[in-house]
Amino acid sequence: MTTSPNTALGTARVLAGTSRGRLDLHAHRDAHGMPPRRDAAQLVRDARAVRLLGRGGAAFPVATKLASLPVGSRSRVLVNGSEGEPASHKDRTLMRLAPHLVLDGALAVARALETRRVTVAVGDPASYRSLHDALLERPDGQAVRLVRHREGFVGGEIRAVARAVSGGPASPPGRRVLPTVHGVDGKPTFASNVETFAQLAVLLELGVDAYASVGDADEPGTTLLTLLGDLAHPGVVEVPTGLPLASVVGEQAGPLLVGGYHGTWLPSAGDLVLSRPALRAAGAPLNAGVLARLPHDTCALGEVAAVARWLADQSAGQCGPCVFGLPSLADSVERLCRGEDVRADVSRRVGLLPGRGACAHPDGSAAFVRSALTAMPAELDTHLRHGTCGRPVLGALPVGRAA
Amino acid sequence: MRLEIDWTRCDGHGLCARLLPERIGLDDAGFPVLGDRTVDTDDLAHARRAVSACPRLALRLEQAPSPATR
Ligand code: SF4
Ligand code: SF4
Numbered sequence: 001m002t003t004s005p006n007t008a009l010g011t012a013r014v015l016a017g018t019s020r021g022r023l024d025l026h027a028h029r030d031a032h033g034m035p036p037r038r039d040a041a042q043l044v045r046d047a048r049a050v051r052l053l054g055r056g057g058a059a060f061p062v063a064t065k066l067a068s069l070p071v072g073s074r075s076r077v078l079v080n081g082s083e084g085e086p087a088s089h090k091d092r093t094l095m096r097l098a099p100h101l102v103l104d105g106a107l108a109v110a111r112a113l114e115t116r117r118v119t120v121a122v123g124d125p126a127s128y129r130s131l132h133d134a135l136l137e138r139p140d141g142q143a144v145r146l147v148r149h150r151e152g153f154v155g156g157e158i159r160a161v162a163r164a165v166s167g168g169p170a171s172p173p174g175r176r177v178l179p180t181v182h183g184v185d186g187k188p189t190f191a192s193n194v195e196t197f198a199q200l201a202v203l204l205e206l207g208v209d210a211y212a213s214v215g216d217a218d219e220p221g222t223t224l225l226t227l228l229g230d231l232a233h234p235g236v237v238e239v240p241t242g243l244p245l246a247s248v249v250g251e252q253a254g255p256l257l258v259g260g261y262h263g264t265w266l267p268s269a270g271d272l273v274l275s276r277p278a279l280r281a282a283g284a285p286l287n288a289g290v291l292a293r294l295p296h297d298t299c300a301l302g303e304v305a306a307v308a309r310w311l312a313d314q315s316a317g318q319c320g321p322c323v324f325g326l327p328s329l330a331d332s333v334e335r336l337c338r339g340e341d342v343r344a345d346v347s348r349r350v351g352l353l354p355g356r357g358a359c360a361h362p363d364g365s366a367a368f369v370r371s372a373l374t375a376m377p378a379e380l381d382t383h384l385r386h387g388t389c390g391r392p393v394l395g396a397l398p399v400g401r402a403a
Numbered sequence: 001m002r003l004e005i006d007w008t009r010c011d012g013h014g015l016c017a018r019l020l021p022e023r024i025g026l027d028d029a030g031f032p033v034l035g036d037r038t039v040d041t042d043d044l045a046h047a048r049r050a051v052s053a054c055p056r057l058a059l060r061l062e063q064a065p066s067p068a069t070r
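Chains A and B are the protein sequences, given in the same order. Take the first sequence: its letter number 399 is residue 399 in the working numbering, and every next letter is one higher. Take the second sequence: its letter number 69 is residue 69 in the working numbering, and every next letter is one higher.
It is worth saying that the hints were derived from the structure and are not from the lab. Remember, it's a predicted structure, so these values are computed and weren't measured experimentally. Keep in mind that the hints are not guaranteed to be accurate.
[To be verified] Which chain B residues stay away from chain A? Per the calculated CB distances, all over 10 Å, these:
hint : residue
1    : ARG9
2    : GLU22
3    : ASP40
[What the hints assert, rightly or not] What the simulated footprint calls covered on chain A by chain B, stretch by stretch (three residues with Cβ under 8 Å from a Cβ of chain B suffice, anywhere in the stretch; the number is not a length):
hint : stretch
4    : 311-321
5    : 356-367
Glycine included, each C-beta is placed from N, C-alpha and C at the ideal position.
The following block holds chain A by itself, in its conformation from the complex (with noise of 0.2 Å):
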């Protein structure tokens, strides 16, 4: 993935002016210029008004969340950029290539709430050199902490990352705390993803006419996706949202998965709309943005039992149900692999896993499972009654640690 090229499609806005690769300090501001002062008031408003929203996973409303923050020292700022999930690259893409966006987006934010309290916790070590030497380079850098952080998919759960850089272990707390009352050092934390902050930077300097001139009402601007596997622009892009998810991935027929390892499989891309209020609403939330076509000559089912075992190896241990229930579904998937009919099985453990885990882990990966089996209806009954398909699995989904 790291070879990938970076493309926009139509639009770009956070990737502005990384095609010839790292923006420094200078070639940042001659693309962006300097962001105006906003109060936190102000800031709230643009950010309702292009009904941003953030861009790690769960696509809450930037603005409530910003609203819900106190103003003064005590409050802190968080910047998420562990990208725990092999799949995605768009995080490192920007961290990489733009750091100064991602960094003008957090000191916006710390200046409209008046704090001095950033922290950015990243997993991949080229984005921490980048983000490390973009720090040196600007007079506002010292206010910035940054942190390597690289605990897998789920220790980068937002509320993990919090509780890790305050100094505690790097997995989600059991009871539901919000990290915009108990975040970072416990105190309120207006805490997100990396691109959050990058499309708030964005937000700044054009302002919401310009930023909602392209995109979806539903969610006007851009976003980025990491395409992969057969697909005509493999690698991360910026595209307007508000596009036919076709014109994205394709037209043809096959299994087709939209939000990465916590996302959904759908039997084509139908009619969808790219944008994270329709595809939530049609069932398939976009997540992080991985968007995925697998190519017709590894084995389907054989990935999807690969990414099944990967995620239960990403279970923090913490939880029973999670503990003993991602391991076994895994198991009853290789099985089908095999050819053994244990698809009631199945079904029954994807539907104990729900609401059952101090996070969201066991929701995804049941997700990813159940819509994984009722997309690829022909994989399916092809192992049922031959134990393969005759393919091999080429990890085309990428379950190690990405580079």
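Take the given structure of chain A and dock chain B with the ligands to it, following the hints.
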């Protein structure tokens, strides 16, 4: 009120399922499966008893609705 389980604390001894069988079942590994989570005033005393019996302080009664996690 609403029944909640802190899954990081629950160790699956299943005492809660014995005290509240009409609401709580157990899975293969012995971890509780909650049926109807909403507890109204009639059942409150009954539910409170199960909550206070949980040896790991994992079972709780919380003000409904529970907040979103992020
Ligand atoms: S649900 Fe699973 S992944 Fe999430 S905290 Fe509990 S054990 Fe860890
Ligand atoms: S009594 Fe408490 S620890 Fe035991 S199974 Fe029920 S919730 Fe879990």
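The hints, checked one at a time:
1. Once the 10 Å rule is applied to beta carbons, B/ARG9 is inconsistent with being away from chain A; the minimum gap is 6 Å.
2. At roughly 19 Å, the least C-beta separation between B/GLU22 and chain A is larger than 10 Å, which holds for a residue marked as non-interface.
3. Listed as outside the interface, B/ASP40 is consistent with that label: its C-beta sits roughly 20 Å from the nearest C-beta of chain A, beyond the 10 Å cut-off.
4. Remark: the stretch 311-321 of chain A is confirmed as covered by chain B, as 4 of its residues place a Cβ nearer than 8 Å to a Cβ of that chain, reaching the required three.
5. Only when three residues or more bring their CB closer than 8 Å to a CB of chain B does the claim for the stretch 356-367 of chain A stand; here the count is 5, and the claim holds.
The structure does not agree with numbered hint 1 stated previously, though it agrees with all others.
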